[in-house]
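Participant: Here is what each chain is made of, one letter per residue.
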Amino acid sequence: MDELIFFINRVLISGTVLGSIYALGAIGITLIFGILRFAHFAHGDMMTMGAFVAFVLASALAAAGVVLPLPMGFVVLPVAMIITALLALGIDKGFYAPLRARGAKPVTLLIASIGVTLMMQGLLRLIFGSSTKSMYVAGESKDIFRIDMSWAGGTRPISITEPQVIMFVVTALIVVALHLFLTRSRLGKAMRAMADNAALAQVSGINTALVVRVTWVIAGSLACVAGTMLALDVALMPDLAFNIVLPIFAAAIVGGLGHAYGAIVGGFLIAFAETLAVFNWTAVLRPLNAILPEGMALPANLALVPTEYKLTVAFVILVVTLLVRPTGIFKGAST
Amino acid sequence: MALIELKHVVGGYGGAPILNGVNIAIEKSDIGVIVGPNGAGKSTTLKAIFGLLKVTGGTIEFGGENIANSLPDRLVPKGLSFVPQEKNVFTSMSVEENLEMGAFTRTDDFSGTMAWVYEMFPVLKEKRRQPAGELSGGQRQMVAMGRALMSKPSLLMLDEPSAGLSPRYVIEIFETIQRVNQEGVGILMVEQNARQALAFASKGFVLAQGQNRFTGTGQELIDDPEVAKSFLGG
Amino acid sequence: MSLPASLSASLQSPLRRGLILFAAMFVIVVITGVMQGGASILLILTQATAFALIALGLNIQWGYGGLFNFAIMGFLMVGGASTVFLSYPINPDFWTSDGPLMLGRALLAFLFGLCLVLLARQSHRIGITGKLKTTLVVIAWFAGYILYRSQIDPAAAYIESTAGFVGGLGLHPVLGWAFGGLVSAIIAFYIGKVSLGLRTDYLAIATIGISEILRALIKNMDWLTRGTMTVSPMPWPTPLPQNLQAMGFSISESFIYARLGFLALAVLILVLAFIIVQRAYGGPWGRMMRAIRDNHIAAGSMGKDVTGRQLELFIFGSILMGIGGAMLATFTQIFDPSGYQPINHTFMLWVMVIVGGAGNNWGVVLGAFLIYIVWVISDPLAQLIFVNLSVLTDSLGWGAIPEIDSRALQMRVFVLGVVITIALRYAPRGLLPETVRREG
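Chains as they are written, first to last, in the working numbering: chain H, 1 to 335; chain A, 336 to 569; chain E, 570 to 1009.
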């Protein structure tokens, strides 16, 4: 029983946490690609920026002496999402829209997004310094829920932290909301139409400029959620999301670029692949030692790849997907 | 007053102009057909009306105002609609969603229009939940026309609606176009099947090198020996 | 004629424009030299020369061929690790231990695994096809991987615990640089072979993924590269300051002359590479490359072997990157895998090429020097600004600015971002745009 609990704690919970963050980031990347046809490299930094916006708001609330039962970083999330969405719109207007107006190639926009990455990284560190910060500004403790498993014969509890629970709930809500938006609302359908066939969308009289703005609003606010959640789960630092922007791209590509549901599936796929690849199987298979013959005992560490190569798993999946099936599992926008 | 009137329209994609003075006038009751050799500027004329390329000279009057260089999201609410020749459906979306996209600019209830479109194309009603990408070429053309009709246009423009269709569908599409016209929608279309299209056209325009060569009723053009010789293949 | 008018008129001619911009850069170098001191500007110039070589490599790939390479950092690391292996002194602890034997066994396991995979891929000859064959190939990969891991893991653990790492071969550093180029070429061949068919943006993401894989490998293969424990001091091909001090030079002079010697060698290599690259550009080979870049469908339909030519470009460019990376590691005398960052070692090169003018070798060299100097002096300039600001805020009673050092260091990242943004917006073809030569 303890082995199963260990598996739940180490694989199920942490895989879902990682998957939620990857999925929320990948949705933004995939939507931007679907509508604007370029790989938005600065998305990781948009996540980090969102987390810092939440941090500033939370600090302001804490300084004002507000005390709440939930983590402050979570409470300010709606406002932080709006601010990050506005910042995303500003970034588009300032850096990408002029290039689009000139008819620049997608590759130029990709390079422009590298420029944006550099500026954001520089600015964030200039303003906030490069040290690691805690999102628990009011000194709240990170609550840990322990689910006692003694009724099932387990000696250890299933443990899950408060931000993790919040993250599961928020991600589920966002996925449902996004699904309803894309399939029920006029604007959401227009977004799908533009991702499908931008020229025809324009001919149909769809206000493409509006769709572009909505795309940035969604991508920006989801980036803010992902960044803040990640910062709540781990800690806040200026290179918070830059390090995971590639797994997020991997998720978007595996799911099929331009395909929102694919991005969600891809996010969880990559996250679980990473988690399972570095998982030490001996911890679960140890009971087998009793029936294995002498001298065949399982080694102390039986992981598919060493932990230090965890991120590499995503890159390998990414590269293999690109080579074998570049359209992704859901056949995204291929050309 | 004509529904739409192009006067000496000059335009192109930035380089040398492709249109060098096109004149077209259509009434609400008309089916206008533009014919001419490849590169004569037929499709370009439709795109110029729809703001998809730069008009540098002349005027395009629609509903009493000059609409030259207006973008589609302004033109569709005014009553203009356009069916491009290729890639004219949203392949990943259902038939019904395709139609809804045609009504994007409308803020009123468009269920009546949708019923009207389904009445015109009963097969679309059967397949309304199916992705448009899974339909046959002729059915796709119906989806494309249906989408364009959803905005309740007063002028429907079609770019080679019969291209790539089997003869059976060509006749069906032409019949549908006539039916749409009888419901009070002006038609302006470009056709390669020149003789067949001119046969039911009330107005025909023969373009060559971006200019009008001949203008008349469809029957006049078919009967004109010079038109027949140079543009209708003998 | 007024001065601005004559200046803008002379900027119209590509040659004049080039001369003026190079003169301007020379002035910047002199000013920086006066402000920072001779030894410091020589350090900057030597590194800038190595970066110029790398930028030339990227220019071959992107400027000539339109190939998007985001794996520059990976190639620089490969170059650095290769020169460590060839030029670092021999580690007798390793060669007298069981290490070589164990590594030999690991190599055998690797080759055996390779054979398994190759055999599985030929299984259609005995009638196994379709899904079954795919399954077989996957199983072969897995078996090979397990087999290799079963040998390399204990070997790595043994070497790391007894000898530290395998050490080098003690050969001349210039040989090490050449080796860096060679290893890069081999790796580029395989990367290019599998990924050059991809669309540009996918290629960008694939190469950055490959670059990160290379970094993870080099950073964690402690037995080969010493990983995060870093390798130093690396030998120089030219006399070190210490050697010159032994010959009686003063400390400050020894640094200047030693760096001057290294710089001379680096410039020599850059000039050689430049001549080769420039001549290739003007020749039939370069013409064909440009034809492929500008319209690879048309070029392909004319019977040109598009993928083959692109692979050539990718390999040639990567060779220069490997050599440049090796030079950088030798010059700083330390190989530190954690010191490599995509910003410093991939994106900066892109900024150099785009600001300089993709497709124009003169422009790229100009861009490399200019951007590197901007990169280096952004830090002290920002420090200066911050210290003054801090005095101001302090006097206003807001308190001093904390962490000035680390914040100022980030200024250069911001400046790099601003530079590339401005370049894309206002000079998308660069300071010295590619001049399309008309063949008579």
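Worth flagging that the hints you see were computed from the coordinates, not collected in a lab. Keep in mind the model is a prediction, meaning the values are calculated, not measured. Backbone N, C-alpha and C define an ideal beta-carbon position, used for all residues, glycine too. Hints may be right or wrong, so weigh each one.
Computed list of chain H residues with no C-beta within reach of chain E, every gap over 12 Å [said to hold, decoys possible]:
#, residue
1, PHE38
2, ALA60
3, LEU124
4, ARG125
5, SER134
6, GLU162
7, LEU182
8, THR208
9, VAL265
10, LEU304
11, TYR309
12, LYS310
Sample of chain E residues facing chain H (criterion: CB under 8 Å; computed from the structure) [as the list claims (entries may be wrong)]:
#, residue
13, PHE637
14, ALA712
15, THR769
16, ILE923
17, LEU985
18, THR1004
Simulated crosslink set (BS3-like; lysine-lysine; CA at most 30 Å straight-line) [to be verified]:
#, chain 1, residue 1, chain 2, residue 2
19, A, LYS487, A, LYS413
20, H, LYS105, A, LYS487
21, E, LYS702, H, LYS105
22, H, LYS105, A, LYS422
Participant: With reference to the structure, classify each hint as holding or not holding.
Facilitator: Now the hints, each set against the structure:
The claim that PHE38/H lies off the interface is violated: its Cβ sits roughly 7 Å from the closest Cβ of chain E, which falls inside the 12 Å cut-off. Taking the minimum C-beta to C-beta distance to chain E, about 17 Å, the non-interface status of ALA60/H holds against the 12 Å cut. The non-interface label for LEU124/H is inconsistent with chain E: the shortest C-beta to C-beta separation is roughly 8 Å, within 12 Å. With a least beta-carbon separation of about 4 Å from chain E, ARG125/H fails to lie farther than 12 Å from that chain, contradicting its non-interface assignment.
Every CB of chain E lies more than 12 Å from the CB of SER134/H, the least distance being 17 Å, so the non-interface label holds. Distance check on GLU162/H: its Cβ is at least 31 Å (rounded) from any Cβ of chain E, clearing the 12 Å threshold; non-interface status holds. The beta carbon of LEU182/H sits about 23 Å from the closest Cβ of chain E, which is more than 12 Å, so the claim that it is off the interface holds. Once the 12 Å rule is applied to beta carbons, THR208/H is consistent with being away from chain E; the minimum gap is 21 Å.
Listed as outside the interface, VAL265/H is consistent with that label: its C-beta sits roughly 18 Å from the nearest C-beta of chain E, beyond the 12 Å cut-off. With a minimum CB-CB distance of about 9 Å to chain E, LEU304/H fails to clear the 12 Å threshold, and the non-interface call is violated. Under the 12 Å C-beta cut-off, the non-interface status given to TYR309/H relative to chain E is violated; the minimum distance is some 6 Å. Taking the minimum C-beta to C-beta distance to chain E, about 9 Å, the non-interface status of LYS310/H is violated against the 12 Å cut.
Given hint, PHE637/E at the interface with chain H, holds; its Cβ is 7 Å from that chain's nearest Cβ, closer than 8 Å. Taking 8 Å as the C-beta contact cut-off toward chain H, the hint placing ALA712/E at the interface is violated, the least distance being around 13 Å. Against a cut-off of 8 Å between C-beta atoms, the interface hint on THR769/E holds, since the closest Cβ of chain H lies about 5 Å away. With 8 Å as the threshold, the beta carbon of ILE923/E comes within range of chain H, its nearest partner Cβ sitting at about 7 Å, so the hint holds.
The interface hint given for LEU985/E holds, since its Cβ lies 5 Å from the closest Cβ of chain H, which is under the 8 Å cut-off. With its C-beta approaching chain H no nearer than about 21 Å, THR1004/E sits outside the 8 Å limit, and its interface hint is violated. A distance of roughly 10 Å separates the Cα atoms of LYS487/A and LYS413/A; the hinted pair therefore holds under the 30 Å criterion. About 36 Å separates the Cα atoms of LYS105/H and LYS487/A, which puts this hinted pair outside 30 Å; it is violated.
Between the alpha carbons of LYS702/E and LYS105/H the distance comes to roughly 41 Å, so the proposed pair goes past 30 Å and is violated. Between LYS105/H and LYS422/A, the direct Cα distance comes to roughly 22 Å. Compliance with the 30 Å bound is thereby established for this hinted pair.
When the structure is compared with the earlier hints, violations turn up for hints 1, 3, 4, 10, 11, 12, 14, 18, 20 and 21 and for no others.
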